[in-house]
Amino acid sequence: MYNLNSRSLDTSSVFKNIVKPDLIKIEVNLVKLYIDIEQYSAKKLKTILDELVQYKNKISKEEFLSILERAIRTQRCEYYESKRILGVYKREVKIKTHLI
Amino acid sequence: MSNITYPAPPRLIKELEFKIVKEDWFIYKLKDGSILKVKPVLIKAFETDQVDPAGKKIYATLGQNIVTVTSPENLKGTPTLPLPPPNEALKLDKEEVEVEHAIYDPQWNIYELENGEKLKVKIVITHVYRIKGKYDELGNPYYVVQFVTVVGSSLERVADFRISEPDIYKYILLPSFSPQCTQNQSSIQYGSSLTTYYKWISPQELRLPETKFREIPIENLIKYLTVDEAVVKEELRSLLKSYEIPEEYGSKVEVMIRNYIKGELERRGLPVKDEFVEPLYKLFIHIAYVMLYV
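These protein sequence lines are chains H and Z, in that order. For the first sequence, the positions run 56 to 155 when the working numbering is used. For the second sequence, the positions run 80 to 373 when the working numbering is used.
Rather than coming from a laboratory, the hints here were simulated on the basis of the structure. Be a bit skeptical, because a hint or two may be false.
To be verified - Computed Cβ-Cβ distance ranges for the label pairs, DEER-style: (1) H:98 with Z:296: 16 to 22 Å; (2) H:93 with Z:313: 30 to 36 Å; (3) Z:164 with H:109: 14 to 20 Å; (4) H:83 with Z:330: 42 to 48 Å; (5) Z:164 with H:78: 51 to 57 Å; (6) Z:181 with H:132: 45 to 51 Å.
Where a beta carbon is used, it is the ideal one built from N, C-alpha and C, also for glycine.
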């Protein structure tokens, strides 16, 4: 069994690897990005895919792009308002998606 | 209280999201029979670059008090619109009306900030004036209500709250807010539970966020279905940079999005093939880029 008293543990190197504020900040920013894209890109993707479902049996490699184009053209115009806060700067982004 | 010196306004460093824990009306019966309802509403909360002597963060808040009145028939009159702003109205012929008693006192309206701290807001009415010969849309007399708003940041420190000086109010009237409003105040207040200073400043003093409008014409979206991969990579790189995420995380994000698209295709019984995922991925990145890149 390892005897803790036999030598002092150099914890500094351990913590240096564990506690990295930059990494935490990056992870937080990644989560922010995921939340934002979930709200906009993912939401729009889902409505487009829902539209594609009716062409399920017709989808082929050759036809896919034209079917996808048709699905996009059926999308309604939507208006979003969103706030993004980055670092010390506050930027409000009002998003209008013109999808008619 | 007159010896209090106010510090320089703090610099706002971050807007904080918050959720309502409790937001209620303070209801009073006035001696003339009117029922006065006031609701202090927190609109925005900011972290500032200042801390109080105990090291606690000082928050800046933007709030608005919603005021409404219901008067007995004998006090009502013909509407006299537009109503003057409160500071102008106070120069007119007026009568001070005392508060008889509080019908309902919710004590504090409480908000939970994204960092877990709680902000508490309450009001204390100091004066109520009924402006003679002025009536709102519903015929209720026009009242100007003076009150102080108390903001604190900790539930445990109620006793440490200080009340702002009434003479440093700045009124901003929003006449179209509600037909029953006799007066609305809009102000920014800053302070925390342990500080001895609170001050009201106008919203104009707040550095409001930059606003941008984004639009994605449908033809652009369609064009992006076949756009070169390098363009998509560049958009993703810019997006990551905008979120202060290092470039090397790009592949992680790419994989996450592709898997997400595959999952959505699968869920709908659509074919999960690379040639189908690819244009959808381009679409996904382009929407994210246009909408979120700052």
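Hints breached by this structure: 2, 3 and 4
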